[in-house]
Amino acid sequence: MKQVDLCVIGSGPGGYVAAIKAAQLGKKTLVVEKQTIGGVCLNVGCIPSKALITAAHFLDKMKSASEMGIRIPAVTVDGGQLQTWKQAIVNKLTGGISQLFKANGVESLMGEAKFISPNEVEVKTQAGVEKINAKNFIIATGSRPIEIPGFAFDKKYVLSSTEALEISQFNQRVVVIGGGYIGLEIGSFLAKLGTDVTVLEANKAILTGVTDPDCAQVVSRKLKKKNVKLLTEAKAIGFKKQGSDLAVQVQVNGTDQTVLCDKILVTVGRRPNSENLGLEKAGVKTDSKGFIPVNSQMRTNVNHIFAIGDVAGQPMLAHKASREGIVAAEVIAGKNSAMDVKTIPAVVFTDPEIASSGMTEEEAKLKGYETKSGTFPYVANGRALSMMDSDGFIKVIVDKKTDIVLGVHIVGYEASNLISEAALAIEMGATAEDIARTIHPHPTLGEMMMEAAEATTGHAIHIVVKPPRDREPRASART
Amino acid sequence: MATTEFKLPDIGEGVTEGEIVKWLVKEGDAVTHDQPLVEVMTDKATVEIPSVVDGKIQKISAKEGEVIKVGGLLCTIDAQAGGHAAKAAPSGQSAPPPSAPKTQSVMTTSSAEVAVPSRATVVPPPAAAHVLATPATRRFAREAGVDLNNIRGSGPAGRVTREDVSRATTGNGHTVPAGASSAGMAIPAFKPSPKISLPTGQAEERKPLRGIRRKIAENLQRSKQIIPHFTHTDEIDVTDLVVWRTLMKDEAAARGVKLTYLPFIIKAVSVTMREFPQFNASIDDAASEIVYKHHHNIGFAADTPEGLVVPVIKNVESKNVLEVAHELLQLADKARAGKLAPDDMKGGTITVTNIGSIGGISATPIINHPEVAIIGVFKIVKKPVVNEKGEVVVRDMMGLTATCDHRLIDGAAAARFVNKLAPRLSHPQSLLLDLA
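Protein chains in written order, with my numbering: chain A, 1 to 479; chain B, 480 to 915.
Don't read these hints as lab results, they were simulated from the structure.
Hints are not guaranteed to be accurate.
Stated by the list, open to error - Cross-link-like lysine to any residue pairs, in silico, SDA-like; alpha carbons within 25 Å at most:
| hint | chain 1 | residue 1 | chain 2 | residue 2 |
| --- | --- | --- | --- | --- |
| 1 | A | Lys-365 | A | Thr-431 |
| 2 | B | Lys-535 | A | Met-1 |
| 3 | A | Lys-335 | B | Glu-496 |
| 4 | B | Lys-858 | B | Asp-719 |
As the list claims (entries may be wrong) - Here are some, though not all, of the chain B residues that point toward chain A, as calculated from beta-carbon distances under 8 Å:
| hint | residue |
| --- | --- |
| 5 | Ala-820 |
| 6 | Arg-895 |
| 7 | Val-897 |
| 8 | Asn-898 |
Built from N, CA and C at the ideal position, the CB exists for glycine as well.
I would like the entire structure built from these sequences, with the hints used as guidance.
Rendered as structure tokens:
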């Protein structure tokens with residue numbers, strides 16, 4: 001039997017970060033991984049999807065390049081090469097993690113772990129069964145796509161996000177069930193690469209509860225521009241083969257419709273991987289949804305067992321998992337550490353991107369704040385215009401009494417790379433004035449953050465009035 | 480034969496290091512599983528660490544007096560082959576924590592539960608959404624044990640600055656179990672430092688502040704910062720008490736208890752508190768609430784070689800003088816031997832400090848936060864006193880102080896308390912009337 005200080009189950013962005021941190025703090029650490037080092041994020045999630053999204057964006061740009069005077073005769077997509085390129089990126093990153101493990105003295109073991117007692121797991125490896133005894137455990141087993149009745153994943157007709165990222169033919173028709181961020185990210189790039197995409201969303205609007213409704217609106221409009229059909233308040237009932245087509249039965253507002261397609265992508269959410277882990281043998285409890293409840297030190301109900309990332313609850317975000325992994329590792333190493341953050345920024349890689357940090361206006365009001373907001377549109381930003389990406393805006397929400405930034409919501413090109421400033425502002429307890437008085441270099445998208453902050457006082461320089469909703473503000477781009 | 484590296488286990492409660500007080504075995508000794516090997520003093524208590532294997536002590540690597548971090552090597556043991564020992568703890572870093580140290584009654588026996596300190600409560604709790612403090616300040620506060628939710632920030636819009644946290648460093652130590660040590664006299668009870676022969680040319684020597692001394696320092700500083708102290712002083716005629724104690728001494732000895740004045744005084748304080756519930760209370764600073772305690776758990780300051788500790792006699796209200804005396808002696812013995820368990824020092828609701836055995840007529844003790852009062856009693860001396868008839872007579876007189884938290888107890892209340900306590904000490908037979 002192998003004996004270690006810490007056994008981490010799962011090597012996703014939570015598990016591998018926790019393992020490295022624990023090893024750095026002097027703990028003898030072993031990581032058990034069932035499938036591939038790096039977990040969903042690196043292999044079949046964040047990274048490969050971003051590669052494909054970038055490719056699609058690139059293609060889109062080429063199509064509009066003639067406006068800039070660049071004439072490209074005929075652009076074709078080599079799906080096979082696209083997948084090869086994507087896989088090379090994934091391989092480079094997973095290889096990097098293995099190197100980091102080695103450099104930090106983290107051992108890894110490929111196999112499926114199962115608790116047999118509070119201090120022991122049994123790992124089924126290719127070579128046989130190995131027992132691991134550890135003083136502490138971190139459960140970082142992540143999540144997997146949810147299946148819905150009538151649409152069992154068969155990898156042929158009904159795909160989960162994992163298979164969708166392997167599509168190399170883009171001249172097909174795809175029905176996406178679920179207008180959440182995963183469905184829209186994949187749906188958007190498929191559409192831009194030439195796929196005929198129909199999104200079925202059960203709610204009244206896409207991205208409900210995920211983001212600021214004004215931001216979702218911008219994405220909704222862009223989807224339509226890219227010929228993505230969007231059916232809201234639509235419930236997918238089932239499908240049948242009809243010749244070479246798949247006929248998806250949909251109830252829209254109570255009336256039945258049929259949508260013909262070649263593939264069905266089900267992206268209605270993800271569920272925690274907490275089964276088949278022998279948690280009952282360890283005494284670790286799960287809640288009704290299968291999440292493992294933890295405290296702010298990521299401790300489960302069993303003192304020496306920790307859980308992090310998707311399996312430990314919403315929001316299911318890689319960067320949340322990583323931070324939780326660091327907290328758990330520090331606590332295990334005897335430090336007084338805790339998940340003590342004000343905001344976990346979230347990014348949706350739709351077209352355009354949505355990024356948010358902190359509260360929405362609605363949330364702030366529920367918490368008793370009197371709010372004030374300032375908005376600045378991309379169309380009034382010189383850099384955005386020069387990049388031919390002028391859809392979207394930045395909205396800064398502040399506490400009316402103190403001017404302290406409560407939330408920032410961005411929809412637009414590179415929103416993902418702009419949001420970190422907002423997260424820092426919120427963590428620091430900065431005021432809108434702090435942001436407005438910080439010089440932002442010209443010409444950059446970042447200037448919009450400064451202008452939106454200024455706009456909370458109604459004094460932004462580059463827009464004439466505070467833009468009323470649903471109307472493009474009168475803009476004069478800075479030259 | 481397998482060699483087991485025996486390391487200082489994580490004994491919980493946030494303990495990160497311990498000082499080797501005494502080895503109970505020597506190299507070459509045969510030891511059995513669960514046999515105490517070494518006494519280790521942490522900043523919480525002195526504990527005996529038991530062996531996790533059967534075998535023979537090979538080499539002792541941690542010397543007495545040395546401070547060892549959790550996980551540091553204590554000794555190596557030649558584990559006997561075949562026994563459950565080898566299974567329980569193979570060599571190397573991976574030795575599982577031994578079962579709970581003997582005196583740590585709070586520890587569970589499962590090794591699993593000892594692997595990481597404390598239970599699910601996170602101390603201090605994360606800062607609420609409205610608390611303004613930068614991430615670095617929040618980390619600083621966490622490491623200092625300061626609960627940001629309870630600090631009034633000095634910055635704009637109530638922002639808590641790093642300086643605010645520094646100021647509060649000792650003002651919010653919820654990490655310390657209430658009454659884990661602390662309280663008592665600021666000066667007289669402390670053991671004078673041992674003489675150090677300094678190398679020539681060296682004007683001072685620096686030593687780390689650690690162990691019980693550090694705990695005393697933290698607790699007393701916190702008390703003084705939080706509590707507005709005042710001391711009410713009186714002098715009490717205890718001539719009858721001296722006579723009574725002389726009379727009862729043999730009777731108590733016959734029942735196996737050495738009777739001193741302190742159990743009687745503790746009992747009299749308990750009886751008097753029935754009329755003054757605010758003396759047996761605390762202030763919940765976070766909730767701005769007064770907490771009235773239903774049991775009289777009376778701590779007494781004990782002077783030990785390591786410094787001041789305050790063992791607690793629980794439920795004095797339902798014990799008689801002899802029972803209190805018996806328990807007091809047991810706790811005092813344990814305190815002197817440095818073997819108090821954390822539980823022995825927890826849950827105090829008021830403290831009595833007796834400096835009489837050393838000397839002095841009065842002092843201003845520091846309250847054992849979150850308690851709100853400490854009663855000091857001093858040396859009984861024969862003094863000339865003018866009695867009611869105007870005659871000068873020789874009486875046994877004792878100084879008594881009531882040091883109180885002025886937030887809860889007013890000067891008048893302290894005076895009234897002492898006025899009710901004094902006759903019980905002057906006329907011990909009056910305690911008969913208070914028999915429950």
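(message) Are any of the numbered hints broken by this structure? If so, which, sorted upward?
(response) Hints 5, 6, 7, 8 not satisfied by this model.
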